[in-house]
Amino acid sequence: MSESPERDPIIMFRDVVKIYPLPAGDVVALDHVSISVEQADFIAIMGPSGSGKSTLLNLMGCLDTPTSGHLEIRGRDISSMSDDELTMLRRDHIGFIFQQFNLIPLLSALENVQYPLILKTGNRDCTEHCIEVLRAMDLDPSLFMHKPAELSGGQQQRVAIARALVNDPDILLADEPTGNLDTKTGSAIMDLLKDLNETRKKTIIMVTHDPNVARYAHQSIQIVDGRIT
Amino acid sequence: MQVSLFFEFAKRNVRLHWLRSLLAIIGIIIGVTAIVSMGILGNSLVLAISDSLSAVGDSVIVTPHFGSGPVSMASTSERITERQLEQIRRAVAPDITIPVYSGSARMEVGTEDTFGVVYGLRPDDIPVLLEVEEGSYLRGSSGAMAGARFAKENDLRVGSRITIRDKGTLRVVGILKERGMGFDINPDYGIVVDESWYKQAYDQDGYDMVIVKVGDLSRIETVKEIIEKQLNRRETVVNVIDTKAILETIQNTFGQISMFTTAIGGISLVVAGVSILNIMMMSVTERTREIGVLRSIGTLRKEVLIMFLFEALILGLIGSLVGGVLSLFGGYAISLLMLQTSEYLFVPSSMVYVLYGVAFGIGTSLLSGIYPAWKASNLNPIEALRHE
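Those protein sequences? They're chains A and B, same order as listed. All residue numbers in the first sequence are consecutive under numbering that gives the first Met the number 0, ending with 228. All residue numbers in the second sequence are consecutive under numbering that gives the first Met the number 0, ending with 387.
None of these hints come from the bench; they were simulated from the model. Worth double-checking, as some hints may not be accurate.
Claimed, not checked - DSBU-like mimics (lysine-lysine), calculated; alpha carbons at most 30 Å apart, straight line: (1) B:K166 with B:K198; (2) A:K119 with B:K228; (3) B:K198 with B:K228; (4) A:K146 with B:K10; (5) A:K146 with A:K119; (6) B:K151 with B:K176; (7) B:K176 with B:K198; (8) A:K119 with A:K183; (9) B:K228 with B:K176; (10) A:K146 with B:K374; (11) B:K176 with B:K166; (12) A:K119 with B:K166; (13) B:K301 with A:K146; (14) B:K198 with B:K151; (15) A:K119 with B:K301.
Stated by the list, open to error - Distance windows between CB atoms, simulated: (16) A:N211 with B:R385: 43 to 49 Å; (17) B:V270 with A:P104: 57 to 63 Å; (18) B:M258 with A:E149: 24 to 30 Å; (19) A:D209 with B:E382: 22 to 28 Å; (20) A:D124 with B:S348: 47 to 53 Å; (21) B:V2 with A:K200: 34 to 40 Å; (22) A:V16 with B:V2: 57 to 63 Å; (23) A:S35 with B:W17: 49 to 55 Å.
Claimed, not checked - Okay, the calculated bits of chain A under chain B, using three or more residues with CB under 8 Å as the criterion: (24) 8-21; (25) 56-65; (26) 199-206.
These numbers were taken from a predicted model, which means no experiment stands behind them. Beta carbons are placed, not taken as given, at the ideal position from N, Cα and C, and that holds for glycine.
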């Protein structure tokens, strides 16, 4: 949330409201949230469960659109975009890192990394680039052809980060990236993310419960009952 | 869009759940085999029936009308008179009119006593109706021609003698070619004699039947109507049928039977379709989370749709092709069983059922895949990601 007027924010929320209509009554997940994120920021979103952190992350990731208010990603208003446009925006400019790793079980580690690139370029001869990206994640090359089920949690998360990076996105969204890892593996993953932020200027937004993990970020946003405090 | 990538996905998923896929494929195989075998059987049946019917539909047959009305005039009302024959002949000229006497008799061949039908025909008319297998056509009035079956059963040859009780003895001058079931005359199980001999032997005035051979098939209805108009002016004295209509009725009937059996085969294909629908729905439910991941990292709706349709297509394609091949065996076996012949198997009108069956199989599979694929592609990515 650095206020540098010479750069346009890469993510900008202005008065964003997100309401989920439920039979028992509407749930206000985000209540007039305004934030702006600059290129190369590293932000941790913290808050109790049900506070709206995931909703915030989903909106940043163009998986959902706001009920009201203005939300821009890379200068584009996402409320007016079609599902296909949102999907292509995710594919080309946003990398997702999940708590459950969420690799595709049918594909090998390398193929998981190749998948978004093939989606984007339509070119299936992209093995070298993908190997390079995977290598940079400190993953043993002998594991590249293994299926996700044959990898440890830490290894899976490295593959998942490589997958998130392969299309060279500006934004990385991480939902509890260390939540399913032991402390040691967790900090190795966090070092990796920190390095991506510092050397490659990736904008990273991370949801976490863990204050130790949040410490890697430049800033923390606390969210309670859909409001930023 | 990277179509081959999604084909790869579909292929791997089919392979991963190979048992489930195999069961669905077996369903399609059974469905296609059933529908094609039934189709081939039906078609063979129609062909076999058509072959056993001698008549091409080119005749109009006039027979006396029995029963109703007062017993009229002086003439033998239950026969066709010379006068009526002349009326017919004039009405239908230049088409050929053939008067026929028909009856049956006990006969002696050598020492054997037997029974058969006897037709009395004018020698000139015989070549129009019948073909000779051996010997020659009738000349003179003391000869007879034997039907193929009759000759075989009684061991008749050219030169054999047949005695008709109380009427006299005839020498066989020719054996007729087997004719099959006809609507006009059926001489396979009897003999054909000269008209004048018959008339004399049986002392019969009118004819039992008049056959009109219509040269131009498109006129057959007209000819029928002309005869009716001429003879049945005041009351119905003759029945007029045309063989084309009978042939068509018979063929239509068997066509319908064939369609019915094919439809029964079709039911099994529908069941197979439902099983594909079922396994695809299972697949979508199981892979909800994976679909959520695919969508969140940038897979378009239509790409997810295609991926699942490919799965249905792969199952349908394998099942239908294997079913198509098996149905040749199925069709062979069922034809052999029901018709004792497989000669109608490799004819175009039977083989076309293989194409139909394969096309139906693939079509059914794709159709069954549409709903699950649509459902998968329309999942909300956020909810799908949350799915356990």
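Just pull the numbers of the violated hints for me, sorted ascending. As far as the earlier hints go, 2, 8, 9, 12, 16, 17, 18, 22, 24, 26 are violated by this structure, in ascending order.
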